[in-house]
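Undergrad: Listed below, chain by chain, are the residues.
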Amino acid sequence: MIDKIRGSVAEALADVPRRGAMIAVGGFGDCGAPLALVEALCELDVRDVHVVSNNCGIGERGLARMLIEGRIARFTGSFPAHAEFLAQYRAGRIHLDLTPQGTLAERLRAGGAGIPAFYTPAGVGTMLADGTFPAAYGPDGEVLAYSEPKETREFDGRTYVLERALKPDVALIRAHRADRLGNLAFRLTARNFNPLCAMAARLTIAEVEGVVPVGELPPDQIHLPGVFVDHIVEEELIGDRAA
Amino acid sequence: MIDKIRGSVAEALADVPRRGAMIAVGGFGDCGAPLALVEALCELDVRDVHVVSNNCGIGERGLARMLIEGRIARFTGSFPAHAEFLAQYRAGRIHLDLTPQGTLAERLRAGGAGIPAFYTPAGVGTMLADGTFPAAYGPDGEVLAYSEPKETREFDGRTYVLERALKPDVALIRAHRADRLGNLAFRLTARNFNPLCAMAARLTIAEVEGVVPVGELPPDQIHLPGVFVDHIVEEELIGDRAA
Amino acid sequence: MTVQPEAPPIGRTRAEIAARVAEDLNDGDYVNVGLGIPLLVPDHVAPDKQVLFHSENGLLGMGPAPAEHERDPDLTEAGKGFTTAVAGAAIFDSAVSFALIRGGRLTATIMGALQVSASGDLANWYVPGRRPGVGGAMDLVQGARTVWIAMEHVDRTGAPKIVERCTLPLTGRGVVDRIYTDLAVLDVTPAGLVLTELAPGVDVATVRAATGAPFAVAAGVGETGR
Amino acid sequence: MTVQPEAPPIGRTRAEIAARVAEDLNDGDYVNVGLGIPLLVPDHVAPDKQVLFHSENGLLGMGPAPAEHERDPDLTEAGKGFTTAVAGAAIFDSAVSFALIRGGRLTATIMGALQVSASGDLANWYVPGRRPGVGGAMDLVQGARTVWIAMEHVDRTGAPKIVERCTLPLTGRGVVDRIYTDLAVLDVTPAGLVLTELAPGVDVATVRAATGAPFAVAAGVGETGR
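Chains as they are written, first to last, in the numbering used here: chain A, 1 to 243; chain B, 1 to 243; chain C, 1 to 226; chain D, 1 to 226.
It is worth saying that the hints were derived from the structure and are not from the lab. Source: prediction; values computed, not measured. You may find that some hints are simply not true.
Per label pair, the in silico range of CB-to-CB distance [unchecked claim]:
1. C/Gly104 x B/Leu44: 24 to 34 Å
2. D/Asp48 x A/Glu154: 51 to 61 Å
3. D/Asp48 x A/Asp156: 51 to 61 Å
Using N, Cα and C, we set each Cβ at its ideal position, and we do this for glycine too.
Chain A extracted, bound-state conformation (with noise of 0.2 Å):
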């Protein structure tokens, strides 16, 4: 019997890779952001975390509390306007892939499409194509290294960057309800990049507000289906374990 439904979070975060994971997290800032699963990454420690998400957190919370406490290495996403970010990325401590949002959705919606590059117009003209935005500095400020820059080419006379696919080895997503078969449906804007990093990482644990029957979800209204989702807990658990 498929049961995916975990009792612990220490059972549902077992198998992630505790150094130099690659760790894709869903949500839009707060929103659909799975800031409990995040934060009991935290506190097993794990480190040289390479982070795929949109941003990177806000407040202590989530990513924001794993970037605050020295544990990212690297972050691929569109917009970690956080302090602490600014801090570590010019001090030398975070090399940042800076992606345009629709760019990093399409990253990994490819990632789990089994697509390995696609052609977009999407940032064509500017630095994060070029290969002039800096990807890294060393400890005193200077720039170690650029990012890499694309190629490019014409399509009915349009210019277009070639985009690679984001294959992460864990996600961590949110999602509203879910069945014991892994199928999970999302509320409002909280759905947002959870699905895409779900589709593209080798693991998914995802933390739900709550668990239905299976056959409760109708078949026309789960918005992911439990084939992409390894390990789901629910968020009670989680809050318990981490207070």
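Knowing the structure of chain A, use the given hints to seat chains B, C and D on it.
TA: Just chains B, C and D now, with coordinates in the frame of chain A:
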């Protein structure tokens, strides 16, 4: 006020080019196929159509009628199994761009998503990729044109083919429920290619089983936002017309 | 020490700029609005026009900001503030949201700017050394059918934001179609900038003085806006 | 005139081939089944295993064929026949369905074949001159984690379907992992074909006679299947 509900099929189809249009048609076999809309197009004497669809109709319904009436000049799809299709293809009356089913779905999605091209593993090492599949026959059964050889490229040691987006002039689709903003909900496997055709096309016309008041489809249960839909007509009205 | 000059006492307020943009929206338009002045545009759409606003985090049919007691943590907009959904709003994931953008389904995107060049180049995402963050701007300027800028004509130091060539990192090249400011409305055309409208009480000379690039004046534009 | 030889009186029936494949499925597998013998596999999965079947037109959790009065025109499978959905089934559009396939989420795809080569090349979509139709086969063989073939060992004329090199147009190169037939089970390995199991009453010589390519015999395989 946005109101995409049309009172007659004539109104809904008014902007469809009568000659030479590329028309994407949703459905998988008869399931989810806009049979009534396709037949209404036949009544309008639409000709030289480049059909993009997974299949080319069953029996004498929908695309099969369009086929039998000799209105199809070119076909892009994965499984045109109709006997009449074979006859017209071999007689040099239809140009065939045979496309793996997943590639067809992805090319339509790319067209709707502003992605001009992408790489996929499907078809690598086959005659659909190496340009040896007969795309068009002459009147005496000789091959006039082979399929386009596809550009290949390696990513991470694996070979992929480059595929181009499809951007049809028109999409004919079928849905279960609609509101006047054009929001659609599909039912079970009748969803299939319908949302993809709608996203890809410049002009999308939907036949629907029923219209509901705005706000009745919950935002989380809309399968296709109305921005992708131009005209909606209730199947009842088309039936009356086509009968 | 530099002295912060006061805002010019003529022309449009931020709300008036937003109202002016809203005049140019049509019934049935699909529009993405960025932070700043653009976010004020929805409040000024005439009641006889149905314009659907898009929020790139996954909402088409964004409504007004909610009252404090009506805030829903699962319903936020692209600036991460709480929002609402109008009747008939649709929710989708980020990939579909940007498919909609890149696929050319937005009638317009309305954005602020740091600089706009005479050829429509736009810089509005990054000041080197400050916090890096690009969001959806680069997707929006490439995907939306028209790109409208709504901004103050000059920056806080009084320097022109409409310039011959952008000195800040670009968001996109040749992407801007129209600029709405406190002083004027300018179109970016293949022949260069064209002043199409003066704000009330503003004259052409004032716009020229505040603009770092040459522009033509469209026929019918008087010496002073009314 | 050619005489149509009768099916060999030894070995597995079509249902028994399907049952043999089903033995190798595990609890929690996600499996796509093609037309022919593969479509019989779901009926033979042991009740203690939960295997979810995928239909590429957009269904994960395909159930058995419905009774005539329970047919729903909105619920069909990849062969266009009526089907049902198990509790917990999910529906999705064709792009998501093939994302799932190419993204490596299927444990296995089980297909019929016209020819399989010693190196795992598969031909199962086209006989030149006949109706052209590729369906999802080329996506499935590239995407699924394992590709299993379930077929009769020889074709209707008695010619081997397992061959040194395919003469029919390929579906994919080096894609097949295992072949289940009425006579035997063979694995495609980097070193070539390996016979791992004989069907009941079948001996190695019979398999050799019916196979158009050399194969090794795995340790532990007796001279005659039991």
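Undergrad: Each of the hints needs a verdict: does it hold here or not?
TA: Consistency of the hints with the structure:
Restraint check, C/Gly104 to B/Leu44: a C-beta distance of roughly 27 Å satisfies the suggested window 24 to 34 Å. For the hinted restraint 51 to 61 Å between D/Asp48 and A/Glu154, the CB-CB distance of approximately 57 Å keeps it satisfied. Range check, D/Asp48 to A/Asp156: Cβ separation about 56 Å, and the 51 to 61 Å hint holds.
Checked against the numbered hints given earlier, the structure satisfies every one of them.
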